[in-house]
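Each protein sequence line maps, in turn, to chains E and V. When the count follows the numbering used here, it moves up by one through the first sequence with no breaks and lands on 503 for the last residue. When the count follows the numbering used here, it moves up by one through the second sequence with no breaks and lands on 1519 for the last residue.
Any given hint could turn out to be false.
Unchecked claim - The calculated label-pair distances, taken between Cβ atoms and stated as ranges, are:
| # | chain 1 | residue 1 | chain 2 | residue 2 | range |
| --- | --- | --- | --- | --- | --- |
| 1 | E | 52 | V | 1051 | 23 to 31 Å |
| 2 | E | 491 | V | 1480 | 37 to 45 Å |
| 3 | E | 51 | V | 1466 | 27 to 35 Å |
As the list claims (entries may be wrong) - Calculated Cβ distances over 10 Å to all of chain V for the following chain E residues:
| # | residue |
| --- | --- |
| 4 | 54 |
| 5 | 146 |
| 6 | 416 |
Think of the hints as simulated: they come from the structure by calculation, not from any bench. Note that the Cβ used here is the ideal one computed from N, Cα and C, for glycine as well.
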Amino acid sequence: MGFPILSLLTFLPLVGVFFLAFIIRGDQEFVERNAKHTALFVSLFVFILSLMLLFEFDKSDAGFQFVESYEWISLWGMNFTLGVDGISLFFVVLAGFLTPICIIASWRSIKTRVKEYMVAFLILETFMMGTFLAMDAFLFYIFFEGVLLPMFFIIGIWGGVRRVYSSYKLFLYTLLGSVLMLLAVLTLYYQVGTSSIPDLIASPVAANLQMWLWLACFASFAVKMPMWPIHTWLPDAHVEAPTAGSVILAGVLLKMGGYGFLRFSIPMFPEATQYFMPLIFWLSIVAIIYTSLVALVQTDMKKLIAYSSVAHMGFVTLGMFTLTTQGLQGAVFQMISHGLISAALFLCVGVVYDRLHTRDMAQYGGIVKNMPRYATIFMILMLGSVGLPGTSGFVGEFLTLLGAFQADILVAIFATTGVVLGAAYMLLLYRNVVFGPVTNKEAAAMSDVNARELLILVPIALMVIALGIAPNYVLDRTGPALEKLQNHYEYHIGQDMGDTNNG
Amino acid sequence: MDSIYTFSALQPIWPELFMAFMVLGLLLIGVFKGHQSTRLLTFLAIGGLLFVAFLLLQTPTSKEPLLHGKIVIDLFAVNMKLIFITALIASYLLSIKYLYDTGFVKFEYPVLIMMAGIGMFFMVSSHHMLATYMALELQAFSLYILAAFNRDSLKSAEAGIKYFILGAVSSGFILFGVSLLYGFTGHLNYSEMADVVSGLTGPERTGAVFGMMFVLSGVAFKIAAVPFHMWIPDVYEGAPIPVTAFFALVSKLAAIALLFRLLLGPFETLVADWQIAIAFLSVMSMTWAAFAGLVQNNLKRLMAYSSIGNIGYALLGIVTLTSQGFSATLFYLILYMVMTAGVFGVLLCMQRDGVVLRHLEDLAGMSKNHPVLAYAMAILMFSMSALPPFSGFFGKLVIFQEVIAQELYMLAVIGVVSSVIATYYYLRVVKVMFFDEPDMPYTGGFGPFRSFVITASVLFAVFYILFPDSLMPFTQRTVNDLLPHGVEPIELIKSSIEAEQGSLPSFQELMKNAFPVER
Chain E
1 MGFPILSLLT
11 FLPLVGVFFL
21 AFIIRGDQEF
31 VERNAKHTAL
41 FVSLFVFILS
51 LMLLFEFDKS
61 DAGFQFVESY
71 EWISLWGMNF
81 TLGVDGISLF
91 FVVLAGFLTP
101 ICIIASWRSI
111 KTRVKEYMVA
121 FLILETFMMG
131 TFLAMDAFLF
141 YIFFEGVLLP
151 MFFIIGIWGG
161 VRRVYSSYKL
171 FLYTLLGSVL
181 MLLAVLTLYY
191 QVGTSSIPDL
201 IASPVAANLQ
211 MWLWLACFAS
221 FAVKMPMWPI
231 HTWLPDAHVE
241 APTAGSVILA
251 GVLLKMGGYG
261 FLRFSIPMFP
271 EATQYFMPLI
281 FWLSIVAIIY
291 TSLVALVQTD
301 MKKLIAYSSV
311 AHMGFVTLGM
321 FTLTTQGLQG
331 AVFQMISHGL
341 ISAALFLCVG
351 VVYDRLHTRD
361 MAQYGGIVKN
371 MPRYATIFMI
381 LMLGSVGLPG
391 TSGFVGEFLT
401 LLGAFQADIL
411 VAIFATTGVV
421 LGAAYMLLLY
431 RNVVFGPVTN
441 KEAAAMSDVN
451 ARELLILVPI
461 ALMVIALGIA
471 PNYVLDRTGP
481 ALEKLQNHYE
491 YHIGQDMGDT
501 NNG
Chain V
1001 MDSIYTFSAL
1011 QPIWPELFMA
1021 FMVLGLLLIG
1031 VFKGHQSTRL
1041 LTFLAIGGLL
1051 FVAFLLLQTP
1061 TSKEPLLHGK
1071 IVIDLFAVNM
1081 KLIFITALIA
1091 SYLLSIKYLY
1101 DTGFVKFEYP
1111 VLIMMAGIGM
1121 FFMVSSHHML
1131 ATYMALELQA
1141 FSLYILAAFN
1151 RDSLKSAEAG
1161 IKYFILGAVS
1171 SGFILFGVSL
1181 LYGFTGHLNY
1191 SEMADVVSGL
1201 TGPERTGAVF
1211 GMMFVLSGVA
1221 FKIAAVPFHM
1231 WIPDVYEGAP
1241 IPVTAFFALV
1251 SKLAAIALLF
1261 RLLLGPFETL
1271 VADWQIAIAF
1281 LSVMSMTWAA
1291 FAGLVQNNLK
1301 RLMAYSSIGN
1311 IGYALLGIVT
1321 LTSQGFSATL
1331 FYLILYMVMT
1341 AGVFGVLLCM
1351 QRDGVVLRHL
1361 EDLAGMSKNH
1371 PVLAYAMAIL
1381 MFSMSALPPF
1391 SGFFGKLVIF
1401 QEVIAQELYM
1411 LAVIGVVSSV
1421 IATYYYLRVV
1431 KVMFFDEPDM
1441 PYTGGFGPFR
1451 SFVITASVLF
1461 AVFYILFPDS
1471 LMPFTQRTVN
1481 DLLPHGVEPI
1491 ELIKSSIEAE
1501 QGSLPSFQEL
1511 MKNAFPVER
């Protein structure tokens, strides 16, 4: 089995939690300082491990790699199995990358209960890693739903004015979807006789049953994604969450929904996927156009970015369910790109929020004069979100639209309008905040980004450009796994077509 | 004939005999040494219970009824009694400090709990309707007195009276049901009754079903399943907290054990009839408790609704009609019992200047004043709402796994949706503790025994995920021992459907058709 890199990735943060909870004692200042350093150290170590995983990953292999399996619930034949393939690889790296960034971003802005905050982020990292690495459906479920626990506290304790409402909403919306997925997983377990994800993929159930199971899984992943019309928890959660909470929410947690579709819905229920494809298409179109229009009229910066996230996730679901090579590749790429860009945009909002303590666009304006470095970084990210060629956002949107044109031209035409609308609201945001006349003296007196903020923003901005110039680094690694998924889907659909033709 | 009353021939019921003598002994000590001897009596009782556990492990088990067919000491009975002993010891540990702190320390308290314990022991062991009734009443009377134990408090007295009157009504139900059954079968002994019932047809069978339904209603009252739940919020609220803890920990488990014995004993062939009844109780309890719990501000009432809801989930296991399902019910209740012990431990710590606090708002800001206690409570609340990775999740997982395995999809959907609704009131507790501004700190102190119970309960909730195999074989063994002739109840229903072709579609089919699937 070799070096248990995946278990380390998953459980190392818990070692940090143990250290924080039981070993660090003393006066408050000492505890806070050490809590920050411990959390940063642990999360950086996890990030390095995730990079090692990325370099060691064999890009020609479409199956699961680094598989680790331990006996868990032997009564039901459930094993504790972790593995990584081309689909999950970059999500693991993304989670590993964003957690230390979140911790650095909270260095000064979190002033109360610092130790608990760091504990919550480390627990969250364990659950995120576990979700992407689990190869057993029950294990996946435990991690997937466990994420709610730290997120509930992060929003509820360190959030804004309406934090209680938002944390309830996040928790209950997601939970309701998740429990239905649990029933689907249980049903699969009884129909197929195993809970191992590769085995479940290998033996799809009867088409009629697939419909119900697909809908149950859809309830879970569509809430998490979030798809229109069950996206309403997201703007609330984003607005009330502390900056780092928004970063992790937009950067990683939303991707769990998309990952779930790729890991469960499409391969396990191919016939149902084909049946529900138009539904997904039209929900995606509504999400892209409607939420873009909603974003246009927002005055709250975080809310605008939150709505833009829903629109961008619309591209992801659209691309994914075209089941074309370009669409699938584009969907995964768009998720990674959006994970970086939206995370960085929330960090940008956090930078000015820390100085002025308002998210209202009208309070800003003309800050390019006193914050030139900030304006530059913000511009790169804004253009990435718009999808300018040369940034990662372009590759994702372009590939998903290519896929959409192959699947359904009408859908693709509607989706393309989203690109224009996306440019409209992002440019509006940028103009109102960075350019324009100086309306607020306090805004004009803000200091430019400091070294700590540069440390977290610059790497992301560089990544956005790097992925825009050399997308193949990602596409080469996601390719084989997605091709396998596509072949698997087409094989099952083709088999059905064959059946009906013969019959 | 005489030989059955020799000392060694009575070995199977030594534990009960020992407990009965202990009750007398404790009473005598109490009378001579006064109320301040309560602590001593409690420790003697715990020691005695440990000895009883030792005796139980030595007890030879057999399916043959003893004492003229009144009592049966099988593996099921012994295992259930071991669980009761754990719960009894936990409730002793929880109560000591409270009794001294609040000043109504009375030596009868440990004695009454022990007496209720004897009643429960006989409830799981009885093999005869009259013995069952006697055991039930022995337990119930101890509980009535305990509910009114703080006799100077109006609420406590009200709780006692309410419990007594409604309890008497339910006993009446049971007795009426037993008399109907006796009229239609001519027997009170479980196995003889089962033999006659299986042969009944037509109106006579209907009569027996009526009798069974009355008995089941009485038992449903004891486990507080909706619509027989009205007493529980008031009694939980009025009774002193350690007594409430005792109700929550032990009394339901005993009633469920009795239910198992009845359903798989005399009523085994009426399976199609009781399945619907239990399913009704289960669905009503789950949904009603989920909604009614939302508006509770008193923590004890909240726990009452929580217990109603949890009984609903536990009953789902019975509805599946498989030994795995029954085992899941038992498993679920054990997990619930452990969590409840911890929750009541926390509630008992909430005192300010000798006054016990019982409102949700009193938890405000607990995470700042008493972080350890607040984290313990939060973990237990999440565990109760079945959030992974805590133990409560595994309880619900096992139940729903069996429900899905029997393709009762509609029940599973109702169950998970009401569990999400119920999550809201558990979340409220966490919210008040963590998100609200702190109130004054508590002054009662934790006490070593209470801390021990809380710690054990939290550790169990957190680390159960590492040993998911540990408890299920035990519950499975316990339940398998109870199966009539080793046959799964589901097989009985299949054969009875085959026998009456063209009758109403069974409940099983009805549930499956809710989600039409081609096979």
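For each hint, the structure was consulted:
Checked against the hint of 23 to 31 Å, the pair residue 52/E and residue 1051/V fails, with Cβ atoms roughly 58 Å apart. Residue 491/E and residue 1480/V have their C-beta atoms about 44 Å apart, which keeps the hinted 37 to 45 Å range intact. Under the hint 27 to 35 Å, the C-beta atoms of residue 51/E and residue 1466/V, about 30 Å apart, fit the expected range. For residue 54/E, the non-interface assignment is confirmed: its Cβ lies about 28 Å from the closest Cβ of chain V, beyond the 10 Å cut-off.
Taking the minimum C-beta to C-beta distance to chain V, about 5 Å, the non-interface status of residue 146/E is violated against the 10 Å cut. For residue 416/E, the non-interface assignment is confirmed: its Cβ lies about 38 Å from the closest Cβ of chain V, beyond the 10 Å cut-off.
Of the hints listed earlier, those the structure fails to meet are numbers 1, 5, in rising order.
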